[in-house]
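Q: Each chain is listed here by its residues.
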Amino acid sequence: DAGVTQSPTHLIKTRGQQVTLRCSPKSGHDTVSWYQQALGQGPQFIFQYYEEEERQRGNFPDRFSGHQYPNYSSELNVNALLLGDSALYLCASSVKNRWGTDTQYFGPGTRLTVL
Amino acid sequence: AQKITQTQPGMFVQEKEAVTLDCTYDTSDPSYGLFWYKQPSSGEMIFLIYQGSYDQQNATEGRYSLNFQKARKSANLVISASQLGDSAMYFCAMREGWAAGNKLTFGGGTRVLVKP
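These protein sequence lines map, in sequence, to chains A and B. Quick note: the first sequence uses my numbering, first residue 1, plus one each step. Quick note: the second sequence uses my numbering, first residue 1001, plus one each step.
Here chain B stands alone, though its shape is the one from the complex (with noise of 0.2 Å):
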């Protein structure tokens, strides 16, 4: 079974609106980590937020925010105000387990093209 899914390929989004991608976990672990990346055109992987799974409050990051609903295994990502340097890659990853050091799984990912 994926560890990580991403169901949506891809994506526009207007200028300015509001983008929710999403992203759903399967793990047996009640300690994990779930994470968000951006990766643009040039490759490199940038963290955006972080949701521990004993987190109380949704974990937010200026326009990202996690919409975190931990009985139903999803973390959906939420981008207010979308700016055209916005488009690119994004990906949902999980380390399963509190310690550091665990690996790192990754989603499929889902490409955002934002419109002007």
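With the rest of the complex left out, here is chain A (with noise of 0.2 Å):
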């Protein structure tokens, strides 16, 4: 059973670029949140996608926008980049379960450099 899976791994880019990260759910998951986490820093929650639509969002600016496809992976899009963007991005998927509760599993990130 494949776990949540991101792509890329690594990634630099220049102040003022545009970037998308992407993010495929563990298997039977149907929701996904996208987290920030600086060095040295505990992850920071952007926002939340359920049904295709973004469901809960943390204190981020409109320059950090997403996507969820009808086969439940997203994507994280990033657009005029600052240097203060440069973090490891993680992805975590989850599903309801009988409790109406859930947990959140994580992928292993994409670190984003902006130089």
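Source of the hints: derived by calculation from the structure; they are not laboratory data. Fair warning: there could be bad hints in the mix.
Taking lysine-lysine pairs in the DSBU-like style, the calculated list, with each CA pair at most 30 Å apart, reads [what the hints assert, rightly or not]:
1) A:Lys96 / B:Lys1003
2) A:Lys96 / A:Lys26
3) B:Lys1073 / B:Lys1003
4) B:Lys1070 / B:Lys1003
5) B:Lys1016 / B:Lys1115
6) A:Lys26 / B:Lys1003
7) A:Lys26 / A:Lys13
8) B:Lys1070 / A:Lys96
9) B:Lys1073 / A:Lys96
10) B:Lys1070 / B:Lys1016
11) B:Lys1073 / B:Lys1016
If you want the footprint, here are the derived chain B segments under chain A, 3+ residues with CB under 8 Å [to be verified]:
12) 1031-1041
13) 1060-1068
14) 1102-1108
The model shown is predicted, which means the values in this text are computed figures rather than measured ones. Glycine included, each C-beta is placed from N, C-alpha and C at the ideal position.
Using the hints, put the two chains back together into the complex; each one sits in its own frame.
A: The structure is reproduced here in structure tokens:
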């Protein structure tokens, strides 16, 4: 059973450019959440997608946008990159269990460097 | 105010000994879930253990156990019989509310280094 996969593994961009990160959820999962983890810090919630809609959003500017496809895979897009966007971007997938709660399982992350 | 606080930035533990990682949380929601994740240097966050706010017993998963003290709002992780492969960052996280799909809020993490 494949876990959460993310691509690419590493990415180097320059300021002002745009980037797209991709995530495939664990088999059977229908919800995808994205987190940004700056060096030396805990992950920060960016947004979550469910049924191809953005269901929740954290405190991130509109430069951060996303999409979810019918097969539940998801993309994170960041426009007008800033140096401060350099971070590890983590995707997590989940599905509601019989108790109505869930557990998020994370992928290996995409390390973005903005020069 | 910080919702999740991990006060130990780093700690050493001798192989085969037990180690306790501290986590305190802050929420006014009576329904919440607490999670611990392990992050090796590769970057992937690995789910370790979960405790629901209404669970009467402390959660256990193999060598991991969660010391849940609700009144003190603490959820410490205990790793028994430490192994070299346990060297990693450990994050405590909280989901406020019971519903699936609520975001996770993470603490700053504790780095554990297991000495042979």
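Q: Taking the numbered hints from earlier one at a time, note which ones the structure violates and give those numbers from smallest to largest.
A: When the structure is compared with the hints, only number 13 turns out to be violated.
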